[in-house]
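A.B. asks: Take a look at the letters that make up each chain.
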Amino acid sequence: MNPLGREELFSAFLDGELTTKEAKFVNEILAGEEEAMEEFHGIQQVRKALRMLPDLEIPGWLLPDGHLGEQLSSYLDGELSAAEQRRVSDHVIGCADCRAELHDLDRARIAVRSLPGVETGQFDQIPVIPRSRRRRAVAVGSIGIAAAVAVILGLAFGGQQQPTISLDDLTTQHIARASAEPGFAVFPAGIEISAP
Amino acid sequence: MADEFTPSWEDVAQRYGRKIYNFAYRLTGNPDDAADLVQEVLLRVRKGLSGYRPGSFEGWLWRITRNAFLDGVRRKSRRPETTLPEGDHHALGSSPSPDEVLASVRLSDNVQAALLKLPYAFREAVVLCDVVGLTYDEIADATDIPVGTVRSRIHRGRKMLRGLLTWPV
Ligand SMILES: [Zn+2]
Chain A
1 MNPLGREELF SAFLDGELTT KEAKFVNEIL AGEEEAMEEF HGIQQVRKAL RMLPDLEIPG
61 WLLPDGHLGE QLSSYLDGEL SAAEQRRVSD HVIGCADCRA ELHDLDRARI AVRSLPGVET
121 GQFDQIPVIP RSRRRRAVAV GSIGIAAAVA VILGLAFGGQ QQPTISLDDL TTQHIARASA
181 EPGFAVFPAG IEISAP
Chain B
1 MADEFTPSWE DVAQRYGRKI YNFAYRLTGN PDDAADLVQE VLLRVRKGLS GYRPGSFEGW
61 LWRITRNAFL DGVRRKSRRP ETTLPEGDHH ALGSSPSPDE VLASVRLSDN VQAALLKLPY
121 AFREAVVLCD VVGLTYDEIA DATDIPVGTV RSRIHRGRKM LRGLLTWPV
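In order, the protein sequences belong to chains A and B. So the first sequence is numbered by our numbering: it starts at 1 and just counts up by one. So the second sequence is numbered by our numbering: it starts at 1 and just counts up by one.
Hints are computed from structural coordinates only; laboratory data are not their basis. All values reported here derive from a predicted model rather than from experimental measurement. Just so you know, not all the hints are guaranteed correct.
With beta-carbon atoms standing in for the labels, derived distance ranges [said to hold, decoys possible]:
| no. | chain 1 | residue 1 | chain 2 | residue 2 | range |
| --- | --- | --- | --- | --- | --- |
| 1 | A | K48 | B | G148 | 41 to 47 Å |
| 2 | B | E10 | A | M37 | 28 to 34 Å |
| 3 | A | D90 | B | G55 | 39 to 45 Å |
| 4 | B | W9 | A | K21 | 25 to 31 Å |
| 5 | B | N67 | A | E38 | 38 to 44 Å |
| 6 | A | R51 | B | T6 | 27 to 33 Å |
| 7 | B | V105 | A | P116 | 29 to 35 Å |
C-beta: ideal position from N, C-alpha, C; glycine also.
So that you can see chain A by itself, here it is in the shape it has in the complex (with noise of 0.2 Å):
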């Protein structure tokens, strides 16, 4: 056998992917030869290296039940590379849900800039979760989300009587959101916003 027919045996050695008979041989070579077994530890090497290689996360949106969620948002802002953007297009084609879901969030936009009395630097006040944080933050940060939209209706109502709107709609609770966090744009299943 030449000697590269002989080396190659050291990978398939490695990924058990020889005959007993095989596998045999390679054992004697390398019991037998320093170089070797030098050569041998060094493919072993490399293979662990790759091996160990971190096994990515698939970004959420592309599976399945994964459906744009705050890229939405971004994309009405414009904050997209073109490859995204390119992506959430094809997406919003063929997927009802976020179809509506832009929509609403197209309508909630609409709706705030629309809101009598409100200047838009009020909106300044309302605490934005950052970015990274958001995805984690979604369950808490559904009491703040409520809060700022007592004020936000606070504002938009005068202040002085507290305002008993209820807040089921779901346009309005994007209203809501929207406007306290810009960039958001999921509605969690099971979470239930309203006034007191």
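With chain A's structure known, arrange chain B with the ligand on it following the hints.
C.D. replies: Frame of chain A, contents of chain B with the ligand only:
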């Protein structure tokens, strides 16, 4: 391989999406290209599932994946392959010490950069074996080359990497 059933498109996405993503990421060093590939593969799987006959499902899937990848490469007239990888920082857990994290980032960046320097045939064989975890037979099936050639490519690929990697890492 006990692939007696035809999985749904959603099953394929859930079960293999991440592997396909990692396959593409390691071949290109680029998250956008990897995401594009996953979308393209899932689209082809969706279209192709009705014509799929129970057999080697993995072989079928990886043939699709590989073809989609090569089509993408042809279509895009690639940027130079020596593009520096972006690193794997987002994949690291939070428990190890900063030094361990840095060492691990350095190692994976190092390996990724070396991978990108391999000629495609060797890079592909090594990634299918060491990243995706296919057997030599499955790789032969997916790439349509004899198993002896697979064995040779994997070994020669690793040997080239050994020369490219800077030890100790
Ligand atoms: Zn969707």
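A.B. asks: All hints are to be evaluated individually against the structure, with a verdict given for each.
C.D. replies: Cross-check of the supplied hints:
no.: 1; hint: A:K48 with B:G148: 41 to 47 Å; verdict: 25 Å, violated
no.: 2; hint: B:E10 with A:M37: 28 to 34 Å; verdict: 49 Å, violated
no.: 3; hint: A:D90 with B:G55: 39 to 45 Å; verdict: 31 Å, violated
no.: 4; hint: B:W9 with A:K21: 25 to 31 Å; verdict: 44 Å, violated
no.: 5; hint: B:N67 with A:E38: 38 to 44 Å; verdict: 39 Å, holds
no.: 6; hint: A:R51 with B:T6: 27 to 33 Å; verdict: 31 Å, holds
no.: 7; hint: B:V105 with A:P116: 29 to 35 Å; verdict: 52 Å, violated
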